[in-house]
Structures are given as C-alpha cells and as structure tokens.
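I would like the entire structure built from these sequences, with the hints used as guidance.
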Amino acid sequence: STSILPAQKITIAAAADLRFVLDEVSNEFQKSNPGIKVDIIYGSSGNLYQQIVNQAPFNIFFSADISFPKKLDSMNLAGSKPKLYAIGHLVLWSSTLDVSKGIEILNNPDIKKISIANPRVAPYGKRAVECLKYYSLYDKIKDKIVEGENVSQAAQFVLTGNAELGLIALSLALSPEMSSKGKYFILDGKSHSKLEQAYVIIKNSETDKDVLNFVQFIESEKVRVLFGKYGFKLPVEDK
Amino acid sequence: MDEAFLQTFWISIKLASLTTLILFCIGIPLAYFLTYSTFRSKVVLQALVSMPLVLPPSVLGFYLLLAFSPNYLFGGWLNNWFGIRLAFSFAGILIGSVIFNLPFMVNSIQTGFSNLPASLKDASYTLGKSRTTTISKVLLPNIKPALLTGICLTFAHSIGEFGVILMIGGNIPGKTRVASLAVYDEVQALNFGMAGKYAMFLFLFSFIILLFIYSVNREYQKWKRF
Amino acid sequence: MDEAFLQTFWISIKLASLTTLILFCIGIPLAYFLTYSTFRSKVVLQALVSMPLVLPPSVLGFYLLLAFSPNYLFGGWLNNWFGIRLAFSFAGILIGSVIFNLPFMVNSIQTGFSNLPASLKDASYTLGKSRTTTISKVLLPNIKPALLTGICLTFAHSIGEFGVILMIGGNIPGKTRVASLAVYDEVQALNFGMAGKYAMFLFLFSFIILLFIYSVNREYQKWKRF
Amino acid sequence: MEKVLIDLHVKKKLHTNEGEGELDVCINIPEQALVTVFGKSGAGKTTLLRIIAGLIKPEGGFIKVGGQTWYDSGANINIKPQLRDIGFVFQDYALFPNMTVKEQLLYASPLKEHKYISELLDVFHLKGLCERKPGKLSGGQQQRLAVARALARKPRILLLDEPLSALDSEMRLALQEEIIQAHTNFNATTLLVSHDVYEVSRLSNYVYVIDNGRISKQGKPGDIFNSAMPGRPPADEGPNCYCSVCGSLRQ
Amino acid sequence: MEKVLIDLHVKKKLHTNEGEGELDVCINIPEQALVTVFGKSGAGKTTLLRIIAGLIKPEGGFIKVGGQTWYDSGANINIKPQLRDIGFVFQDYALFPNMTVKEQLLYASPLKEHKYISELLDVFHLKGLCERKPGKLSGGQQQRLAVARALARKPRILLLDEPLSALDSEMRLALQEEIIQAHTNFNATTLLVSHDVYEVSRLSNYVYVIDNGRISKQGKPGDIFNSAMPGRPPADEGPNCYCSVCGSLRQ
Ligand SMILES: Nc1ncnc2c1ncn2[C@@H]1O[C@H](COP(=O)(O)OP(=O)(O)OP(=O)(O)O)[C@@H](O)[C@H]1O
Ligand SMILES: Nc1ncnc2c1ncn2[C@@H]1O[C@H](COP(=O)(O)OP(=O)(O)OP(=O)(O)O)[C@@H](O)[C@H]1O
Ligand SMILES: [Mg+2]
Ligand SMILES: [Mg+2]
Chain A
1 STSILPAQKI TIAAAADLRF VLDEVSNEFQ KSNPGIKVDI IYGSSGNLYQ
51 QIVNQAPFNI FFSADISFPK KLDSMNLAGS KPKLYAIGHL VLWSSTLDVS
101 KGIEILNNPD IKKISIANPR VAPYGKRAVE CLKYYSLYDK IKDKIVEGEN
151 VSQAAQFVLT GNAELGLIAL SLALSPEMSS KGKYFILDGK SHSKLEQAYV
201 IIKNSETDKD VLNFVQFIES EKVRVLFGKY GFKLPVEDK
Chain B
1001 MDEAFLQTFW ISIKLASLTT LILFCIGIPL AYFLTYSTFR SKVVLQALVS
1051 MPLVLPPSVL GFYLLLAFSP NYLFGGWLNN WFGIRLAFSF AGILIGSVIF
1101 NLPFMVNSIQ TGFSNLPASL KDASYTLGKS RTTTISKVLL PNIKPALLTG
1151 ICLTFAHSIG EFGVILMIGG NIPGKTRVAS LAVYDEVQAL NFGMAGKYAM
1201 FLFLFSFIIL LFIYSVNREY QKWKRF
Chain C
2001 MDEAFLQTFW ISIKLASLTT LILFCIGIPL AYFLTYSTFR SKVVLQALVS
2051 MPLVLPPSVL GFYLLLAFSP NYLFGGWLNN WFGIRLAFSF AGILIGSVIF
2101 NLPFMVNSIQ TGFSNLPASL KDASYTLGKS RTTTISKVLL PNIKPALLTG
2151 ICLTFAHSIG EFGVILMIGG NIPGKTRVAS LAVYDEVQAL NFGMAGKYAM
2201 FLFLFSFIIL LFIYSVNREY QKWKRF
Chain D
3001 MEKVLIDLHV KKKLHTNEGE GELDVCINIP EQALVTVFGK SGAGKTTLLR
3051 IIAGLIKPEG GFIKVGGQTW YDSGANINIK PQLRDIGFVF QDYALFPNMT
3101 VKEQLLYASP LKEHKYISEL LDVFHLKGLC ERKPGKLSGG QQQRLAVARA
3151 LARKPRILLL DEPLSALDSE MRLALQEEII QAHTNFNATT LLVSHDVYEV
3201 SRLSNYVYVI DNGRISKQGK PGDIFNSAMP GRPPADEGPN CYCSVCGSLR
3251 Q
Chain E
4001 MEKVLIDLHV KKKLHTNEGE GELDVCINIP EQALVTVFGK SGAGKTTLLR
4051 IIAGLIKPEG GFIKVGGQTW YDSGANINIK PQLRDIGFVF QDYALFPNMT
4101 VKEQLLYASP LKEHKYISEL LDVFHLKGLC ERKPGKLSGG QQQRLAVARA
4151 LARKPRILLL DEPLSALDSE MRLALQEEII QAHTNFNATT LLVSHDVYEV
4201 SRLSNYVYVI DNGRISKQGK PGDIFNSAMP GRPPADEGPN CYCSVCGSLR
4251 Q
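Protein chains in written order, with our numbering: chain A, 1 to 239; chain B, 1001 to 1226; chain C, 2001 to 2226; chain D, 3001 to 3251; chain E, 4001 to 4251.
These are computed hints drawn from the structure, not numbers from a lab. Treat the hints with care, as some may be off.
[What the hints assert, rightly or not] In the EDC-like style, the derived pairs of lysine to aspartate or glutamate whose C-alpha atoms are separated by at most 20 Å in a straight line are:
id, chain 1, residue 1, chain 2, residue 2
1, B, K1175, A, D39
2, D, K3112, D, E3131
3, E, K4013, E, D4024
4, A, K31, C, D2002
5, D, K3217, E, E4170
6, D, K3133, E, E4020
As structure tokens, then:
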C-alpha cells in the first residue's frame, strides 16, 4: 500500500471535545478487531487541519465542526466526502455555584472569572460568544472572560477553581473527570449556531480496509450509544 | 500596527523587563551561594534550580494553576486573607515567568563565578572589604560577559515564552495577552499573514535589542583585552 | 508504567541526547568563532544565534513546518531529490530541537571562552601547537564548567521542550511523541492524576541526571581549587 | 625588650617536592619590627603569610596579634581575613582586572585619601598609567601596583611576598626606601619574603630561615648570612663582575 | 664573524608612565648566541619578546630568522607564532591550569621524549610534584615549570622573560647552569630578559640596553656594566654584608 504507516494500524486526528468518547469507541473497536491498533491524536481542530495540509500521516480526521473537513475536500486532500457524525452541545458548568437556573447565573456578582475557549480558533468558543451576545450579556461580563486555548483548557480553568463558571462542551461535562465534581446546564440551541461535527478520510487512506472498517464501525449502534452517553446528538436523530 | 498590537507588545516588554530585573536580584546571591558554599547538599538545590528547564512549560503552568486556585491551600490562603487571585493576572504570569527563567539567570552567573580565580576574593578580603563590597566591586565587574549572557537569555526567553503563560494567563487583552501568545493565536486561526507580520515584528525587535547588547559587550571586551 | 509510556520516554531521551551531541559539535567551533574572530559584523551572527530564544516555540515550529512541507521550496527539493519528508518524522523534530537549543549551547561555551586569559592561547601557540590542538587540549579543558552548563541546559531544555515538537511532530506514538507531549496530553485530558504521575517521573529522572552531573562537577571543582 | 605584637605557632601539612611534610613554626614579632622570612623555593613561606592573613586555615596552633586572638585551634577561633588589619602583597599580585590603577588604590584606601594616593602613584612611578587596567601593564608595573595597593590601606601589619622581585635594581632600591618609609610613617609591623640577601640585610632587623617546614635559624641578618650558606663558595668579589646589588651597599 | 640568525628592526607604539612613546629597535643576533635585553621596568622588553614570538604585531619593520622572513610590514608577511620555532618563558608563566606538571612537559615535547622530560623534572626539582596542577605549586615551582616547559620543546630560539626572578640564589645558580647547558646542548639561540646584573654577566655574551624605546647601549656585559649605572654609588663590598650573589662568582 502507499500508506506511510505499517498495516494493522490506524492513526486518527480528533478534536479535543471527542477525547473521552473516541477513547471508548476505539477500545470497543479493538475488542472486536484484535490485531488492529488505533492511535488517536487529540488537538484543536485548526491545528490538526494545519498538520494535515502539511502531510501529517493521519488516516481519518474528526473535526469539531464541518468547515475544516470541507476545506480539505476542496483542496483535494480528502479521500471521502465530509460526513456529519455528531452534534455537540454548549453547557454552563460550575463546581461551586448552582447553575440550574440557567443563564441568569451570569448576573451573580460572586463570579470573578468566566472561562470559554478561544473564539477565534475553537468552535465551542465561537458559540459561547454568540450565546452571550444573544442574551445581551457579553458587554456586561466581557472583563470577566478568560480564554483557554481550546475547550479542554477552558474546562481546566473551571475544574481547578480558578474560574467560577465555564461555557464548555457537554461531552466534557459528562466525562468521568468532571461529572462528579460539578453541575452543568445545557444552553438553549437557539442562542448559537449549530455545533455540527464532521469527519473525513484523508487522501490515499480510503483504500485501506482497516480504515474503512473503522468508519463503518462509527455508524454502528454500539457507537451511537456511546456518543449519546457523552451528550452528542446524532445527525439522523436530529433531523 | 493597531493599538491592540502595541498593547500586547508592551505587556511582553514589561513582563520580560520585570522578570529580568527580579531574577537579576535573586540570581546573584543564589549563584554566589551555589558557587562558593561548602554546604554538602547544595547539589540538591542546584538540581532544583535547573528543574524548570526540564518540566514542559505547560505542565509547570498547570501546577501553578493548581497552586493559584482558591480551592487549594496556597491560593485559598491568598484569596481569604488578602483577596488576591493570581491566576489570569499580570502578577500571576510574572511569577510564572520568574520561576520558569530561574535557571537561565542562575546558571549563567554561576558559570561566571566559577571561572574567576580565587585570588581576587582573597585580595579584596585582605584589603578589609566585606563580602558584599567584594561581590559588588570586584567579583561582579569581572564576570560581565556572564552577567550579560544571563540577562540576554532571560530577557529573550521571557519574550518568547508562551507555554506557562498560555496555562495561567487566560489570554486577556491588556493584562496577560503577550506577543508570543498573539502570534500563536494567529497561527492557530490560520491567519498566516497576520501571524507572519507579528512574528516579523517580534523578530526584528528582539534582533535589534540583541544586536545592541552584543555590540556594547564587544566594545567592552575589546577594551578589556590587549 | 505501561509500555507506551516507556516508549515515549525513550524517544525523549534519544532526542535530548542527539540534540546535545550535535549541538556540542556545532557549538564549539561557533562559540570559538564568535569569541575570537575580529570580523566586524560577527555581532549579527551573534544576534541570529540567539534568535530561537526570542521567537515563541510555536512560531518557530510553524515556520519549520512550512519549510519542511513538500509544497514549498526546501521541503519540495528534499522530497523530489531524496524522497525525504521531514515533517512528522524523528529527523524533523531533531532538526527543530537542534535549532531551538542552539543559543543555550553556544552562549554557554562562549561565556567560558571569553573568561579565559589570553595567555593560555599564546603559550600554546609558542609551543608550536596548532589551533585545533590548542582548543582541544588547552582551551576546552579549562572551560569545563561552561561546557557542563551548556550540556545541562541543552539536554534539560530539549527534554522539556514541547512547543516546536507539537507543531512539527504531530504527537505520533512511537515516532515523535515525546514525554513532554504525553504529559501535556494527559493534562488536556483533565487526567490530572496520570499527568502528575508522568510529570513526577520526568521530574525525578531529570533531577537524578542533574544531581549526578552537578556532583561530578563539584568533585572536579574541588580538585581544581585549593 | 619591645612588646610582642605577633605571637604565633601554627601547623599545616605541605606537599613538597620531597613528599609530604609539615609546616610547624613558632614566631614572635615585636611591634614595629621589620622581619624577613627566608627559605628555599617551596619551603612554605607563602603558606605562612597566607595563614597569618587568614586565607588558609592551619591544622593546629594559634595566632595572637596584640591582645587579640586571630586563630586558636583549641578554642575554635578563626577570625575572618577582613577583620585582620593587614596589607598583603601577593606573589602573583592578585590585581583586580576590572579596575584601573587609580581605582585599585582608591578601593584599598578606607578613607579615600586622594593626597596620599597621589603620593603613592608618584613614588611608584604609576602616575602616567593611572587610568590603565592591569592587563595593559608590564610585569614590573603590576608588581609596583600590588605594593602600592597594600600600602594604600595603611595597615597595622604588612605581609610582603617577594614584593620587588620583578624590578630593575634602580627601581628596587628606590622602593626599598619606600617600604622603610611606610614602615616608619605608619608604624606597620612588616613581614617580608625575599630571596635577595642584600635586600634582606638592608630592610630587616630580624630573619627567620624556614627549612623543611621548621625555623632552622633566626637572628639578625648579619649573623645569619655571615655563616656561609650551605653548598655555596665563600664571598669573593672578582674584578670582572660588577655586582649591582652589592655595589650600592654602603649608604 | 658568526652567521647572523635573527635580524630584526621593529616599531611599535607604547604607552608608558611618561606618556606615549615608541619602541623602535634594531637587533642582530648571531647563531647560538646568548643575548640579554636589559632595561627599566616598562621599557618594552616583554613587548620586544612578544613581537619576536609573533604574539604582538609590530607597526612596521621586519623580522628575519635564518633565511626566513617571519614578519615584513612592506611585503605584508606575518607568519603565525605556531610556525616560529621558539620557546617562550612568560613573565607571568602562563601555565595551563588543567594539566599536571608532567602533562605540561609532555604537551610541550613534540616527540614525547620521556627520558628527556624525566631529566628536566629532576633538574628543575619538580619530580615529586609531577602529578600536581599549577594551582597547587609555590611561586618558584611555577616559574621552574615555565622554564622547563619552554626547554621541553628543544626550540631553535629561546625567549626567556625574567625566567629565574622568583627563585632563591641557590636554585637560581643551579638553573643558570641548566640554561647554559640547554643552550649548548641543542644550540638554542637565546634572548634573555633579566634585571640581575650578575646573572646577565654570567649567562650572556652580549647585552642590549633598551631605554626610551631605543637601544641606548650594546656590547659585552663587562663593557656595559663597568661604566657605572646612572644614579648608583660605585661598587664597594662592606664587611657587614654577605652578598650571596657575588659570593659564588668565581666558578
Ligand atoms: N597589553 C598592553 N597594551 C598596551 N600597553 C601595554 C600593554 N602591556 C604593556 N604595555 C605598556 O607598554 C610598555 C612596555 O611594556 P613591557 O611589558 O614591554 O615592559 P617591560 O620592559 O617588560 O617591563 P617590566 O620589566 O616591568 O616587565 C609599558 O609602559 C606598559 O605600560
Ligand atoms: N594550594 C596548594 N595546595 C597544596 N599544596 C600547595 C598549595 N600551594 C603550594 N603548595 C605546596 O606547599 C609547599 C609550600 O608552598 P609555598 O607557596 O608556601 O612555598 P614558598 O616558600 O612560598 O615558595 P616560593 O619561594 O617558590 O614561592 C610547596 O611545596 C607547594 O608545592
Ligand atoms: Mg611563595
Ligand atoms: Mg616585562
């Protein structure tokens, strides 16, 4: 094969919010396909896109939005059409405050810092700003905002208590590391544009049967359950 | 060059200058102790001083984030007693920068001290000069190249440093957003043109500073030697 | 400690050792030239050598990524003529690490050279010894503390470096995933316990290496002095 | 008899050409005396001076100066070199590379007496070089600076380790005069190391000869040097030798 | 007359105590001669030796050795110190701090002649110290090592800058003998700087006196030193002075 990697191994580049769910997915996959090794490299979608453009040896790219896969396709670097695999959710998260009342909590004067992901780079950060603007809160709390490089870091800021409140991905709030330590509130979908997440197979990997195997596995019922467990809606279900 | 850019840049310079100043003051006594003390377990201190070099900046930053958090011991104490929060503040990134650059300053000065002949110290002591006078009037002036190296390494490295600041700074414009973060940001945003412009400016600025310092040093060296 | 971790760790050590070795060989002639040459514009070279300190690692990494890319001049040439692709390979991160650590090695050695009295060189020359012999037998043995500082700084810093490697390495297990990246990854995964374990291991390992080097150096210093 | 100013008995291991030895000397120096230490190369003269200055710690014994104890192995006393009121001319000068000639003297002078420093510069023929750093001085100029610097402090005790060895005989004579002057002017008790018998005779009133780590002889220079030195032929001035040193003996 | 080995005329600006001056000397040294350069402190003796060794570049003139041109300002020739076959004893010794006594001699000896080096160690009383580094040697031991190191190379030309100034008279006499031996044994043409008139008379057959940057006098030692030195009283041996130097004049 023309693949740079030895056979029986798949290398996947994936957005930071998929960390927990894809780890479980690949475990399941390896259980039913022993002998195939799956390496997943997590990072911000932008950074991974950038590396793929520069010929990084990845087989599949799971982005946190749909624009990067589309760009790869238009640059003729994709081996398949971009395919929607999940829809993410933005949540409020705090370990100390009661967030059950929703967006109102942002008026609480006890809040000194609010963490979001970098809106210029991270899809979740961009949605967070949209949401704050939608509720006309952005200008009021602008000075309290601290930005994490990606959504995972924004979660870190609240989890360590340096920020009282964070606007992060539901998938992270449901992770074992966070779910026991705080409460979340799912923000209304109409306050921000949809978090459509898509994947593509990288050019020249579309002939690799292990890769195709994995992509098929993504569509399976087992995996749908796993995605559901981490709060993702599935594209069909959403329609 | 817009205002935001200049502001970002100004914070970088302020951070680097303060870091260098603080480390210069800490570094001299520490390097002196490490060079001249006969204390047996000073190697342990020596190794500790070099630790920030080995830990990835992001990890160091993460530990600082934990230390600064009001939920934990040190940060909680600061928060309850003084109402101070170090995370996401200029003071916080300054602390991070000082810790992170400690080995650059200390190791350089120490190399200088350990290359000096013992006779200089002896001669000054027999003239009745105290240790402080000896250090400031005799030892330090004779290790100028080493001091300069320490200052340059520290200043330059704190201008370029971004790992620690990324972890504890929160990227707040006008407070903790330094130039190195801004460039990284633009690269991440695939805004290569802007990133290139920022990087070029940073490059030129640093290049000019270094050029200036090394030219001065060259004059000094010429004057010292034959 | 699982297998993946040991593999990661091994790549870190390999990278740091090779970087140090290469820079030791490049650093000595370069530092010698920068110290003793009377070439007027050597300050420009001096400033260039220090540049990697100032540029944020991510920016440097980004430029390297562009340079390595087969779509651009240098990378294209390598790819077309030799079939070599540097990005995401061990050779690639080695090149990045060498460039990034250049100033640590060169500045340290240079400080050593410029603290040496001119008479040593003179004496060796009048004994009919060539420049190479003089450097290897007289000058270098007399700047051991400076060489040691250079080696330590470089080794430690390349173990801890992650910005450049993150950009051009792609974090690929078994090839370019070094320990510092792995720890960062665990922190990103909010897996603080595991990150702490990895960091502690890294910390202890480096601590022991540094402790060892400094103890040896201490013996050497004792032996040299009164 | 005069009051004893320096009273010492020190021991220190030495590694000499002949193997391991021990320096073990007792010396009493009266106030304002000018005493010479004489001995072969490697005998331990410099070591003795460094011990008195507090730069080397002996392995046993004591050093008492005036009423004060500077060192006592029994009582575990060892006061710092800074607190011992001495001026030291090092055999290798130990000049400060960063300071000009004048700055070194100013640094050494506790009261920054410009007039005195200017006198010293004159006497030591350094006036024209006062803005130079030691790296650009000739060997003899460096040595003169080292002596001038020790005098600039006006110390109570002067320790001179071969202070004039690099000078031509004319300069040497003039500076011997200066050392005598300084010695009387500010009452410095002086301990001199010199290999030059004429110099020793001219300057000092008492000589200690160190041999094998012990004081082998002591007394007035006349007494010590009239007994022929071991292995040397007797004195005899030949006509084909103009001896510049002896030449100026009679003052 | 003997063949001229070294023929030089060099110029170099000097900054002396009296202000700016110029070193401007012409010297012809016959093969195998042992010539002394004599002059006040700061006269330019060391500078002259360093120019011959190629460590300082003069501002004009030429240096020819044998048939070879070492330096010529007109033809822009200046060969490297490494290629000039010399042995240099530096006034400040310039020993290598990293090497033991023995290693320094081995380093200097091109053929690593262990027998010869062992002889040198013996003669210079350094055998017992051969594993020591210079930092642990006394002043006189360092100087002896510096001379031994220069001889170890068996150079064609020996440049000795006050090679025995730190030694006691006994050692000094013995090592003067060694320098004479070396000079005859391997035919080294020798240029010596010394302040000791007796030493000059004993060792050398020709003297150059540098004064104000010029050669003010030259000739046989007897001729030069019999005319009384300026400002010095005439020779007169008094009974209360045992002159160790003159004492051993008659061989
Ligand atoms: N590196 C230097 N740069 C400039 N001037 C120097 C340098 N070294 C010496 N000089 C000056 O040049 C003059 C001659 O110096 P040189 O060392 O040749 O004297 P010298 O005859 O060897 O004296 P001495 O007997 O004291 O050693 C002195 O006045 C000295 O101040
Ligand atoms: N730093 C040192 N460590 C150990 N031994 C030393 C040290 N310095 C000198 N010695 C040894 O101690 C002995 C005495 O040295 P010292 O310098 O006191 O001799 P000295 O009488 O001053 O000789 P010189 O006339 O040659 O200067 C010498 O044999 C020398 O080798
Ligand atoms: Mg001595
Ligand atoms: Mg001289």
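So if I understand the rule, the pair passes when the alpha-carbon distance is 20 Å or less; does E/K4013 with E/D4024 pass?
holds (9 Å)
For the pair supplied as a hint, B/K1175 and A/D39, confirm whether the alpha-carbon distance does not exceed 20 Å.
Judged against 20 Å, a Cα distance of about 39 Å means the pair is violated.
Would you mind confirming whether the straight-line C-alpha gap from A/K31 to C/D2002 stays at or under 20 Å?
holds (19 Å)
Pair hint outcome, D/K3217 versus E/E4170 [Cα-Cα no greater than 20 Å]:
Distance ~17 Å between D/K3217 and E/E4170 Cα, so the pair holds.
Tell me if the straight-line CA distance from D/K3112 to D/E3131 falls inside 20 Å.
Distance of about 17 Å is within 20 Å: holds.
Regarding the pair D/K3133 and E/E4020, is the alpha-carbon distance no greater than 20 Å?
holds (16 Å)
Hint violations for this structure: number 1 only, all remaining hints satisfied.
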